[in-house]
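Visitor: Positions in the sequence shown are counted from 1; adding 417 to them yields this note's numbering.
Just so you know, the hints here were simulated from the structure itself, not pulled from any lab data. It is possible that part of the hints are untrue.
As the list claims (entries may be wrong) - Pairwise CB distance ranges, derived in the manner of DEER restraints:
1. K454 with L483: 28 to 34 Å
2. K426 with R542: 46 to 52 Å
3. L517 with R542: 44 to 50 Å
4. I504 with E422: 30 to 36 Å
5. T524 with D568: 19 to 25 Å
6. V419 with L484: 35 to 41 Å
7. K580 with R429: 48 to 54 Å
8. D532 with K426: 35 to 41 Å
9. M570 with R499: 37 to 43 Å
10. H528 with K580: 20 to 26 Å
11. R499 with E438: 37 to 43 Å
12. G605 with V441: 55 to 61 Å
13. E461 with K426: 19 to 25 Å
14. D563 with R446: 42 to 48 Å
Unchecked claim - Listed next, the in silico DSBU-like pairs over lysine-lysine satisfying Cα-Cα at most 35 Å (straight line):
15. K454 with K479
16. K580 with K537
17. K496 with K537
18. K537 with K579
19. K496 with K479
The model shown is predicted, which means the values in this text are computed figures rather than measured ones. Ideal placement from N, C-alpha and C gives every residue a C-beta, glycine not left out.
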Amino acid sequence: MVITELRKKRGRLFQLVLDEEPAVTVDARTFEESPYKVGSSLSEQQLSELINESQRRRSHEKALYLLSLRDYSRGELEKKLRRDSDINIAAQTAEHMEELGLINDCTYAEHRARDMAERKLYPSRRIIQELCALGVSREIAQNAVDLIDCDDMQQALALLCKKYYNKKDGEGNLHRTAAALARYGFEGSVIRRAIKEWKSEEQDLEIDDL
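Required output: the full structure, derived from the provided sequences and hints.
Guide: Spelled out as structure tokens, the structure:
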């Protein structure tokens, strides 16, 4: 194959025209550092190596850009990178970011767990589910919850006082409040204990069947 033309694209990209046919797109820096130019011949293997090098560079640059905006878990970063890169290149890039100390799942999980506990008042089980959805392993997620010492009972009481302070009266309201807490991720035993304590200052209402 012969590079018959080089077309500039947006974002510092070049489209290679091979044998008069528009072909692949590579980043400008990779092409400029390569031994090729318009008129150069290259084999299928050489073209594949050029494409892979461009993907690695673009994946690396995208990772640095994403991490400049906020923290990511390794799994979450890989998922983002796979949108534009080969799955293996995305994994290699995430591993390199980890080696550079730019991502750390343990630190990330602890910070996110603390935020979810303090700002959103999530219970332990919900925090673990959310962390796993963000690409953190279950073991690391559990360790993060243990480190922040999340008390589900206190979380439920804080949420009740914050959101349901005007719904203490009537069995129907209490059932709806209990259902809302269950959807939020609290276990049944915690819900019953929390509502009993929450109600205890006003009236003695039987709620064991909630």
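Visitor: Hints first: check each against the structure and report whether it holds.
Guide: Checked hints:
no.: 1; hint: K454 with L483: 28 to 34 Å; verdict: holds (33 Å)
no.: 2; hint: K426 with R542: 46 to 52 Å; verdict: holds (48 Å)
no.: 3; hint: L517 with R542: 44 to 50 Å; verdict: violated (33 Å)
no.: 4; hint: I504 with E422: 30 to 36 Å; verdict: holds (31 Å)
no.: 5; hint: T524 with D568: 19 to 25 Å; verdict: holds (22 Å)
no.: 6; hint: V419 with L484: 35 to 41 Å; verdict: holds (39 Å)
no.: 7; hint: K580 with R429: 48 to 54 Å; verdict: holds (49 Å)
no.: 8; hint: D532 with K426: 35 to 41 Å; verdict: holds (39 Å)
no.: 9; hint: M570 with R499: 37 to 43 Å; verdict: holds (40 Å)
no.: 10; hint: H528 with K580: 20 to 26 Å; verdict: holds (25 Å)
no.: 11; hint: R499 with E438: 37 to 43 Å; verdict: violated (28 Å)
no.: 12; hint: G605 with V441: 55 to 61 Å; verdict: holds (57 Å)
no.: 13; hint: E461 with K426: 19 to 25 Å; verdict: holds (23 Å)
no.: 14; hint: D563 with R446: 42 to 48 Å; verdict: holds (45 Å)
no.: 15; hint: K454 with K479; verdict: holds (26 Å)
no.: 16; hint: K580 with K537; verdict: holds (12 Å)
no.: 17; hint: K496 with K537; verdict: holds (25 Å)
no.: 18; hint: K537 with K579; verdict: holds (11 Å)
no.: 19; hint: K496 with K479; verdict: holds (12 Å)
When each numbered hint is compared with the structure, violations occur for hints 3, 11.
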